[in-house]
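*Asks:* One rule links them: number in this note's numbering = place in the sequence shown (from 1) + 40.
There is no bait here: all hints are sound.
Taking lysine-lysine and the DSS-like style, the derived pairs with C-alpha atoms no more than 27 Å apart in a straight line are: (1) K351 <-> K227; (2) K227 <-> K283; (3) K235 <-> K283; (4) K351 <-> K283; (5) K235 <-> K351.
Think of the hints as simulated: they come from the structure by calculation, not from any bench.
Since this is a predicted model, take the numbers as computed values, not measurements.
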Amino acid sequence: MSRQPRAFRFDDPSLADGSVVVTEEPFDAIEAAEGAAVPVAERRRAPWLGILLSALTGLIVLALGLAVEKLIVDLYAVAPWLGWVALGLAAVAALAFLAFIGREVRGIWREQTIERLREAAVDALAVKDHKGAKAIVSELLNLYGGRASAVRGSARLMNAMEEIIDADDRLAMAERELLAPLDAQAKRAIAGAAKQVSLVTAVSPRAIVDVAFVIFAAVRLLRTLARIYGGRPGLFGFLRLAKAAFNHLAVTGGMAVGDSLLQQVLGLGLAARISAKLGEGVLNGLMTARFGLAALSVCRPLPFIREEAPKIGDVAGELIGRAEASAA
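Sequences are here, hints too, so could you generate the full structure?
*Replies:* Set out below in structure tokens:
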């Protein structure tokens, strides 16, 4: 049974005879909580754009429904069997549409789950929330425990769940056992995409081919990274992830941002000593690698705690070495 709070004087006899135990406050957690930033919700405005798009979508759906109904009636008037065929096709289309909507909802839900885990991990690390860290680890086990690459790590993590009480150590162990193999896969995928973009750009005869392949490689890379970390984005989920990745990247300009960036990455004067086409290929490969690193941070369910965050040299070091060898 909980007791009501009471006040004591320092000269109270209860303190002297030991019947009242004074417990010091957990200053480490209090100091961490005082240093944590408290988010302030922005003032919400009326979502007029969303209302407009929803209304227009409803009108389009109604118009399509009336058009399909009229088509079925007209076909039935011509021949009854044509009407039944049209009705069956409409039912198949409706079923496929519902399946598409269900896949999109599942994909967005999984993305939101990963985002929520990452935000919860940041909050738990900031205030040293042990219970919150334990709940995050449990959700990570549910998310990755069934994978073949995480079976041993999941077993070690579950055995040590009750022995670790520090929030940082608990999340760091989950990062090492569950996410380290996924990080390795993600870095290989980014390096492969950067290499492909660099090679295609160096040998392609047209600029439009370069742009098309860069976009194709970025789309495929983002989907690959999302699947590696447990996401299954559909169309709208992919657009949502792409927006988050570009916001994280925060790079102004296009894929070809000029020779100055190439000189900063490869060294002063190096771009002038290699062929323009090779320099363009290396630049596009590096930009693809930078986009991949931003997408990795967006798709990863935990921030980098003890593991070292990958850098551009970890995924595009071969491109820089190739350019330096060509300039030598």
